[in-house]
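Peer 1: Fit chain B to the given chain A structure using the hints.
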Amino acid sequence: MAYQPVVIDPENPLGYYTGIYLAQTADERVKRKLGPDYKGGGAVTSILLYLVEHGVVDAVVVARRKKGLYGETIIAKTPEEILEATGPKWSIVPYTLGLREKLTSMDVGRVAFVGLPCQAQFLRQVKMFPLMESDFSKKIYLIISLFCMGTFAVESFLNYIKKSYHVSPDEIENISINGDELVVKHVRGEIRIPIRDALFHLQHGCLTCPDYTGLFADLSAGKALKPGFTLLITRTKLADKIVREASNTGYLKLSEPDEESLKIVIEKAREKIMRSYKYLSTVL
Amino acid sequence: MSKPTILIYDLGGCEGCPLSIMRVYPQLINIADVYTKCLGKVDLDREYDYAVVTGPICINSPKHVEELKKIRKNSRVLIAYGSCASVGGIILYARGGQEPRPEHRVYAPISRVVRVDYAIPGCPPAPQMLISLLNCIRRGKGYFLDLFRAVALNPKLSGFDLMDEVVLNGLCVGCGACVLSCPTNALQMIDNRPDLIPEKCIRCGTCTVRCPRFSQILIQRSRLLQKASSLSRISGV
Chain A
1 MAYQPVVIDP ENPLGYYTGI YLAQTADERV KRKLGPDYKG GGAVTSILLY
51 LVEHGVVDAV VVARRKKGLY GETIIAKTPE EILEATGPKW SIVPYTLGLR
101 EKLTSMDVGR VAFVGLPCQA QFLRQVKMFP LMESDFSKKI YLIISLFCMG
151 TFAVESFLNY IKKSYHVSPD EIENISINGD ELVVKHVRGE IRIPIRDALF
201 HLQHGCLTCP DYTGLFADLS AGKALKPGFT LLITRTKLAD KIVREASNTG
251 YLKLSEPDEE SLKIVIEKAR EKIMRSYKYL STVL
Chain B
1001 MSKPTILIYD LGGCEGCPLS IMRVYPQLIN IADVYTKCLG KVDLDREYDY
1051 AVVTGPICIN SPKHVEELKK IRKNSRVLIA YGSCASVGGI ILYARGGQEP
1101 RPEHRVYAPI SRVVRVDYAI PGCPPAPQML ISLLNCIRRG KGYFLDLFRA
1151 VALNPKLSGF DLMDEVVLNG LCVGCGACVL SCPTNALQMI DNRPDLIPEK
1201 CIRCGTCTVR CPRFSQILIQ RSRLLQKASS LSRISGV
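Chains as they are written, first to last, in our numbering: chain A, 1 to 284; chain B, 1001 to 1237.
Hints in this document: simulated from the structure, not taken from any laboratory. One thing to keep in mind: the hints can contain errors.
Said to hold, decoys possible - Heads up, simulated DSSO-like pairs for lysine-lysine below, C-alpha to C-alpha not over 27 Å straight-line:
hint, chain 1, residue 1, chain 2, residue 2
1, B, K1141, A, K139
2, A, K102, B, K1200
3, B, K1141, A, K268
4, B, K1141, A, K138
5, A, K278, B, K1200
These numbers were taken from a predicted model, which means no experiment stands behind them.
Chain A with its partners taken away, still in its complex shape (with noise of 0.2 Å):
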């Protein structure tokens, strides 16, 4: 098994990795998918379907948004299940206990997981250290994580759109970034919230988590600088020859990282470390 320290260090803020990449998507389904206007890069999702249809995973497990800020997890086997799955959440997706049931019960071998950066540091925690018999970890093949600077309080956010912008959570139809705004389309129109205002409905836990580009993972992958384009960070030699794999078959395009998005990226994984020790020591 490979061997991964994980350090977390505000010197080393990206911690280990093999490579980092600029990646687009090159599959046409994914690209009609996201549409025109989407700022991402799509490689997440043209990654999971090269895997899952050249045989490499069994399965991936996946958020998939329900209504407004509301998802669920879902093992998808075949490409359209994960098209369907593509895009940002808006929300934490939780792992529930119907889901430990389906991978142990379900006839799948390799499972790969997208997740945010607390979910992979469990799934590393349960790959490299079994505490439990009853851990899938054998089932774990891959752990992706996506940049996470931290979750909504589902309920507190979707109140305070309710009470200052007159919208209820059930007219809200999808939620993007926009520079320093989120726009919130809703069924009459969209309104656009400073994130500034936002922020104060974060998690109080994602504040004192330190993990910006999910260092427990095989691969990070989040928005580049770049519109669309996705920074994807490799930190296993699985991780990078997947990339490359998926590169070489078509699904993928990648090119060097620009200084800019990597300067990025670095500033705000040093500012979640940061921020973690300032509010952790306030609840120790």
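Peer 2: Quick look at chain B alone, frame taken from chain A:
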């Protein structure tokens, strides 16, 4: 390079941990020189690189307390393996009335008696755990090693502590790690937050080390404790 020596010693209990370790003997003897009752060689008087102790310590038994102290003295790294040895586990519920009348005060995690280097909760830990742990200790650093070292300094971990320290404190983000870890399904997700069914919790402590928030709090607290103890040594308190 000669293989490190490892002593595996059971202080009693349900025998789940010794059974779990027994299943990795074939791999374990490749990486270490194993001393254990099952393989017919136990010698508490010689020195060991690693000692793995399973089961809680019975305070009423001077024989076992002496043995444990001897193991600590003769081993370079002492590992409390399994929930009973590391955090107390289900044995904490012993309250008298049953034969042979164990009481609350009688059984304790072994860190109550000796200094422990790494404490591994789990009821019982899966067989592969011991191999991964030894490999990690040999290489010597990383977040999870810090975590298991921190558990040794803070042997009060259970579903109840998870609720108190993380969920009721408002630090839970709702990732679902605890729910997926619980061996008895004592935790369930209700409105995106874990909820504990007290009767089902066996105090194994798995959920607490799996929780990203709690593990972080544990590591930071252990650092503070170590700092405080080194300060008190300097000032002679």
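Peer 1: Does each hint fit the structure? Answer for all of them.
Peer 2: Cross-check of the supplied hints:
For the hint pairing K1141 of chain B with K139 of chain A, the CA-to-CA distance comes to about 26 Å; that is within 27 Å, so the pair holds. Note on K102 of chain A and K1200 of chain B: the hinted pairing holds, with a Cα-Cα distance of about 22 Å set against a maximum of 27 Å. Proximity of K1141 of chain B to K268 of chain A is assessed by CA-CA distance (about 25 Å); at most 27 Å being required, the pair is judged to hold. Using a Cα cut-off of 27 Å, the hinted pair K1141 of chain B and K138 of chain A holds, with the two alpha carbons roughly 24 Å apart.
At roughly 36 Å between alpha-carbon atoms, K278 of chain A and K1200 of chain B are farther apart than 27 Å, so this suggested pair is violated.
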